[in-house]
Every structure is written in C-alpha cells, then in structure tokens.
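Trainee: Residue numbers (this note's numbering), protein chains in the order written: chain B, 858 to 943; chain V, 476 to 716.
Keep in mind the hints are simulated off the structure, nothing from the lab. Computed from a predicted model, the values in this text were never measured in an experiment. For each residue, glycine too, the CB sits at the ideal point set by N, CA and C. Don't take each hint at face value.
Said to hold, decoys possible - With a straight-line cut-off of 25 Å between C-alpha atoms, the simulated DMTMM-like cross-links for lysine to aspartate or glutamate are: (1) B:Lys882 <-> V:Glu653; (2) B:Lys863 <-> B:Glu880; (3) V:Lys523 <-> V:Asp635; (4) B:Lys882 <-> V:Asp687; (5) V:Lys693 <-> V:Glu517; (6) V:Lys701 <-> V:Asp558; (7) V:Lys695 <-> V:Glu673; (8) V:Lys523 <-> V:Asp628; (9) B:Lys882 <-> V:Glu656; (10) B:Lys863 <-> B:Glu884; (11) B:Lys882 <-> V:Glu570; (12) V:Lys693 <-> V:Glu581; (13) B:Lys882 <-> B:Glu928; (14) V:Lys701 <-> V:Glu673; (15) B:Lys882 <-> V:Asp688; (16) V:Lys606 <-> V:Asp635; (17) V:Lys658 <-> B:Glu884; (18) V:Lys599 <-> B:Glu901; (19) V:Lys693 <-> V:Glu673; (20) B:Lys882 <-> V:Asp685; (21) B:Lys882 <-> V:Glu654; (22) V:Lys611 <-> V:Asp594; (23) V:Lys693 <-> V:Asp558; (24) V:Lys511 <-> V:Asp550; (25) V:Lys702 <-> V:Asp687; (26) B:Lys907 <-> B:Glu927; (27) V:Lys502 <-> V:Glu555.
Unchecked claim - Sample of chain B residues with no beta-carbon within 12 Å of chain V, all distances over it, derived: (28) Ile864; (29) Val865; (30) Ser868; (31) Glu869; (32) Pro872; (33) Asp874; (34) Cys875; (35) Ala898; (36) Leu903; (37) Gln906; (38) Glu929; (39) Arg939; (40) Arg940.
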Amino acid sequence: MPVSKKIVPLSECQPGDCFLLRELKVEGVMRRRLLDLGFVAGAEILVLQKSPLGDPVAFRVSHTTIALREEESSLIFGEIIRRGPA
Amino acid sequence: MSAIKVALAGNPNTGKSTLFNTLTGLKQHTGNWPGKTVIRAEGSFEHKGEEYVLVDLPGTYSLFSNSADEEVARDYIVFEQPDATIVVLDATSLERNLNLAFQVLEMTDRVIVCINLIDEADKKGIVIDEKKLAAKLGVPVVKMSARNKIGIDLLLNTLDHLVKEKINPSPYRMTYSEEIERKISQIEAQITGLFGAELPSRWIALRLLDGDDALVAKLKEYIDKKKDGVTANELPISANS
Ligand SMILES: Nc1nc2c(ncn2[C@@H]2O[C@H](COP(=O)(O)OP(=O)(O)OP(=O)(O)O)[C@@H](O)[C@H]2O)c(=O)[nH]1
Ligand SMILES: [Mg+2]
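Sequences and hints are given; from them, build the entire structure.
Mentor: Right under this line is the structure:
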C-alpha cells in the first residue's frame, strides 16, 4: 500500500515536528553553508522553537542547534515524519 | 634541517587550542594572518630529535572559503603545504565533524585524524572503532582527550611515522558522477601541466568546476610569486637531500 508522502517546505513545520529532508532548493553560498551545517538529503531535523516574532526558527540537526530564517527554511523540502505534541 | 610543519584543523570547539597548548607549552606566539583579522598561533616542540612547528588554524565547519577563517585555513593547507595536517574531531559529533575531515582529505595525503573529547564520548556511551575508521578513511586515526592528556604519545608517534614516511596514507576520495569525473580528468591534466605535483590537482579541478573565481586569483598570485623566485613555503633547497 503506497502511502503518498506529502513534500512540504521546512518553514511549514511546527515546534516539535520531526522532518526528513529530501531536497535543498537554496542556491549559491547559502546552499554550501547549509550543507556544511548538516542540512543534507536524508537528514532528520527537529523543529525546536520559534523566536518571539516567529522568525528565525531554531532547528536541531546533527546534534547542533541552528537558527534559520524563513527565506532559507521555505526552500528546504521534505516530509514531516512525526508531528509534535500539538 | 628545517622544522617540520604541522597544521591543526577542525570544527570550532573541538579542542585544537587545548592540544596546541599541550604540545607547545610556552613555546608559542600569536599574531594575525597577513591582511586578516584572524589570529594566527604558532608554536614549536621537539619529538624524537625532530623540531616541529605547529600552526593552530581557525576552527571552521568547512573549507570552502565562505569566510576569512575558512580562507586562512584552506590556503594554509593548500599553498603552504604543511608536512602533516592533524584534523581534530569531536568524538561526540563525528557525523558533523567528518564533513571537514573529508574536505581536508581531498586537499592533502598527509593527514592524521585525531578523535578528541573521547572522555565525553565514553560518558555518553559512544564507542568508536578507530581501526575500522582508519581503514575506511585511509589515514591514521588516533583517539585522545587533549584536556586529560590521554593519547598524546600515540599522536606524536603517529606523527613521527607519518613524517618519516613509515606510513603512507592513501586518503579516501569521493567518486563523483561519470560526467564530473570526466571533466575532473580533463582539467586535472592541465593543472598538473602548470603545477606538477606541487598543488593538489584533483582538489583544484573540483574547485574550478564549482566556479571558485577567488581560487583562480589565488593561483595566479601563486604563479607570479614563483616567477619572482620566492617559493610558497620559502624552504631552502637542501644540498644534501
Ligand atoms: N572533556 C574534554 N574537554 C576538552 C577536551 N579538549 C578540550 N576540551 C575543552 O573544550 C573546550 C574547547 O577547547 P578549545 O581547545 O578552545 O577548542 P578549539 O578547537 O581551539 O576551538 P576554536 O578555536 O573555537 O575552534 C574547552 O573548554 C576545553 O577545555 C577533552 O579532551 N575533553
Ligand atoms: Mg582554538
């Protein structure tokens, strides 16, 4: 039974969600930077918390906490593999 | 004989400076890298009758020259050509740390991977099979705790073996797609024509394919310096070698 996995941008995740990265649509130096920080296809990302104004958002990736702005997280695509406690 | 040059590279906060201080003690001085506000720490020590000069490179996650720190670290390894580069990794975060290790392995063969903070890994129940890792990476791997001075002797002896060519590493090199590999060979042939075996031709080919314009400028500078009769590392040619 194929389960259709919905591909969404990381920016649509809520704190507590666990996200499986599939594709990085960021270009140039920022792409390189994100890859170096562990935002690679196959990486599991935990959404930690939003800053008071909602942007940037803190993520846990490969044992490190990294904050991204929406302009970056909206270009990182994957599936939500676990929903956080609502 | 001139001193053996060794560089310390690694991610931020992996214990490079702790190791640097342990090895060099009071025999160190700091300044800035030429034209940069990045601190350069250099020190010396002796082991088995050899004089070593150790350079503590800035901690970075990458060596693609996205920042002054990365540029300093990369240029040192590629153009100054240390006799050995010790890549210091955090034992509790190997996945992240290996990113930089693989980048160094593309730049030079003379690498020792040093897995530091092994005491922290022990506490977390992380077990690291350094022999397996060494076999996969193709370079020596030493586990240590710089702060607790564990593994220092093994590191020094491994360094001794490496510089005396008792071990000859053959670092793991990533194989890219057929198309990229074909282009690498084409470019590499021309780079070897220009620089011989002086500079890492495969690494330069990869950077050029990636469109690294800043590196092109660096290479031009390197050629000009050579024309003026100044070699990059300013080592005198030994008459009795
Ligand atoms: N537990 C433990 N702590 C260590 C060890 N080695 C270094 N540290 C600690 O880790 C912290 C960072 O060490 P540094 O030597 O400053 O790290 P660095 O790699 O030079 O950091 P940057 O210069 O920022 O790249 C310090 O608090 C050290 O005391 C170790 O083997 N075990
Ligand atoms: Mg340091």
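Trainee: Looking at the structure, which of the earlier hints fail to hold?
Mentor: none
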